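Peer 1: Take a look at the letters that make up each chain.
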Amino acid sequence: MAWLEYLRLGLAVAGLGFFVAGTVGLLRFPDVHSRLHALSKCDNLGLGFIVLALLLGADSIWLASKLALVWVLVLFGSATASFLVAQTALGMRAPSGRDGR
Amino acid sequence: MTWQISALDVLLAASLLLLAWGALGSADLFKGIVLFVVFGLLMAVAWIRLAAPDIALAEAAIGSGVTGALLLAGLARIERNLPVVAEVRPTRGAWLLLGTGALAAVLCWSVLELPDKAAGLTPAVEHHLPQTGAANPVTAVVLNYRGYDTLLEMGVLLIALIGAAVLARPNGARGPDRGPGGNQVLRVFLRSMAPIFVLVTGYLVWVGGHAPGGAFQAGALLAGAGVVAVLAGHRPPSLTDGRSVRIILAAGVLGFLAVGLGALGSGAFLQYPPRWAKHLLLLIEVASTAAIGLTLTMLFAYCADRRAGPPGCQENGS
Numbered sequence: 001m002a003w004l005e006y007l008r009l010g011l012a013v014a015g016l017g018f019f020v021a022g023t024v025g026l027l028r029f030p031d032v033h034s035r036l037h038a039l040s041k042c043d044n045l046g047l048g049f050i051v052l053a054l055l056l057g058a059d060s061i062w063l064a065s066k067l068a069l070v071w072v073l074v075l076f077g078s079a080t081a082s083f084l085v086a087q088t089a090l091g092m093r094a095p096s097g098r099d100g101r
Numbered sequence: 102m103t104w105q106i107s108a109l110d111v112l113l114a115a116s117l118l119l120l121a122w123g124a125l126g127s128a129d130l131f132k133g134i135v136l137f138v139v140f141g142l143l144m145a146v147a148w149i150r151l152a153a154p155d156i157a158l159a160e161a162a163i164g165s166g167v168t169g170a171l172l173l174a175g176l177a178r179i180e181r182n183l184p185v186v187a188e189v190r191p192t193r194g195a196w197l198l199l200g201t202g203a204l205a206a207v208l209c210w211s212v213l214e215l216p217d218k219a220a221g222l223t224p225a226v227e228h229h230l231p232q233t234g235a236a237n238p239v240t241a242v243v244l245n246y247r248g249y250d251t252l253l254e255m256g257v258l259l260i261a262l263i264g265a266a267v268l269a270r271p272n273g274a275r276g277p278d279r280g281p282g283g284n285q286v287l288r289v290f291l292r293s294m295a296p297i298f299v300l301v302t303g304y305l306v307w308v309g310g311h312a313p314g315g316a317f318q319a320g321a322l323l324a325g326a327g328v329v330a331v332l333a334g335h336r337p338p339s340l341t342d343g344r345s346v347r348i349i350l351a352a353g354v355l356g357f358l359a360v361g362l363g364a365l366g367s368g369a370f371l372q373y374p375p376r377w378a379k380h381l382l383l384l385i386e387v388a389s390t391a392a393i394g395l396t397l398t399m400l401f402a403y404c405a406d407r408r409a410g411p412p413g414c415q416e417n418g419s
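These protein sequences, in sequence, are chains R and C. Going by my numbering, the first sequence runs without a break in its numbering and finishes at 101. Going by my numbering, the second sequence runs without a break in its numbering and finishes at 419.
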């Protein structure tokens, strides 16, 4: 199925485009928060497209679900890390909820 | 030596050299540590290009993950910028460059002179693989063929922890762990990811028998969960907490020793009887995973102890 290979290639190139966009944003944006915004495109859409490209060519359903799980875990981890970096950059103490602050 | 070198490999090698230069040469320690972590990640990719996925897993988990966390935690306690060093004299610099260049040339020549078709020890390893108790040759080498090395490595880890415990301040926070009181984001992350951490740790231990994985990688993942717990505000375990902490820490060495001494009955020390080898290996791996995870977590807790360190030193971030 040649069209499947072309589809996978197209998806991978799309993911690559988002990675390039995120990297350019990381290098050129003026402050921490806008750079974080650019980086999240890398993790969400860039990795998502590349995982989709790999999914379509996976040998078994287990491999495909492992790839999708990797993407979900990266989403969660990078979202948490972006939050923490942004909070630190703002210089605020994060709301802890326990002391009611 | 015939290798297939692609553009990716050349790019990878060049990036590794550049990152190593940047990590070592930057006066800003934080920048150096970040570059070191990225270096570890690219090193893991290099290991995959060399067809060594077990080492790639260990490099990503321990070399750049846990070590990066330890370095950052230690950085919070010292000055962030190195003092300006005196310039290196030109003659000494020339001698250093000559020596390093000669060493690099010898290494490159010896790699290029490797015979094309040398099989090395692979036939011997694969011939006895069914009797080792593991279907993955790397696990067989680590836990069976070279079991002495791994036993002593677990001992080294334990000694390192004891050394860190001696240097750390006594744990002032007495009393039970009142749960995470710090960052809410980290609390949510920990609460939702903790089951996945434990599940993937168990998976890595189990799959290490027949595919890339193993005790060290699983232990490093468990240590990652421990690091997140410490950062979220949980009180880290200490050596004075009770017997269970000390038993788990020593379980790596003790499990190995117990199995090794038990094998004396059927042969020499650490000569597992082939019929029980698989189960004995699993036992050793489970004990080692728990020990490695707890040891690395406690090492991080000692490094991240805010109350220690010289007074008036700056901390990065909140």
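Derived from the structure by calculation, the hints contain no laboratory data. Keep in mind the model is a prediction, meaning the values are calculated, not measured. Even for Gly, the Cβ is constructed at its ideal location relative to N, Cα and C. Just so you know, not all the hints are guaranteed correct.
Okay, the calculated beta carbon distance ranges per label pair [as the list claims (entries may be wrong)]:
no., chain 1, residue 1, chain 2, residue 2, range
1, R, 89, C, 223, 47 to 53 Å
2, R, 68, C, 308, 36 to 42 Å
3, C, 261, R, 81, 48 to 54 Å
Computed list of chain C residues with no C-beta within reach of chain R, every gap over 10 Å [as the list claims (entries may be wrong)]:
no., residue
4, 142
5, 146
6, 214
7, 286
8, 287
Counterexamples of contact, computed for chain R against chain C with all Cβ distances above 10 Å [said to hold, decoys possible]:
no., residue
9, 19
10, 20
11, 27
12, 34
13, 41
14, 45
15, 56
16, 60
17, 61
18, 64
19, 73
Peer 1: Please verify that the nearest CB of chain C lies beyond 10 Å from residue 34(R)'s CB.
Peer 2: holds, 19 Å
Peer 1: Would you assess whether residue 56(R), listed as outside the interface, keeps its beta-carbon beyond 10 Å of every beta-carbon in chain C?
Peer 2: holds, 22 Å
Peer 1: Beyond 10 Å on every Cβ pair: is that true for residue 20(R) relative to chain C?
Peer 2: Its Cβ never comes within 10 Å of chain C, the nearest being 15 Å, so this holds.
Peer 1: So residue 287(C) supposedly isn't at the interface. Is its beta-carbon more than 10 Å from every beta-carbon in chain R?
Peer 2: Answer for residue 287(C): violated, closest chain R Cβ roughly 7 Å.
Peer 1: So is residue 27(R) really clear of chain C, every C-beta pair being over 10 Å apart?
Peer 2: holds, 14 Å
Peer 1: Please settle this one: residue 60(R) was flagged as non-interface, so is its CB more than 10 Å from every CB on chain C?
Peer 2: holds, 14 Å
Peer 1: Do the Cβ positions of residue 261(C) and residue 81(R) conform to the proposed distance bound of 48 to 54 Å?
Peer 2: Hint violated: Cβ distance 28 Å, outside 48 to 54 Å.
Peer 1: Is the Cβ of residue 286(C) farther than 10 Å from every Cβ of chain R?
Peer 2: With a cut-off of 10 Å, residue 286(C) comes too close to chain R, as the shortest Cβ separation is near 5 Å.
Peer 1: Between residue 68(R) and residue 308(C), does the beta-carbon spacing fit 36 to 42 Å?
Peer 2: violated, 19 Å
Peer 1: Is it the case that residue 64(R) keeps its Cβ farther than 10 Å from each residue Cβ in chain C?
Peer 2: holds, 17 Å
Peer 1: Does the hinted range 47 to 53 Å hold for residue 89(R) and residue 223(C) at CB?
Peer 2: Between residue 89(R) and residue 223(C), where Cβ atoms are some 51 Å apart, the hint holds.
Peer 1: Is the Cβ of residue 41(R) more than 10 Å away from each Cβ in chain C?
Peer 2: holds, 19 Å
Checked against the numbered hints given earlier, the structure breaks hints 2, 3, 7, 8, 19 and satisfies all the rest.
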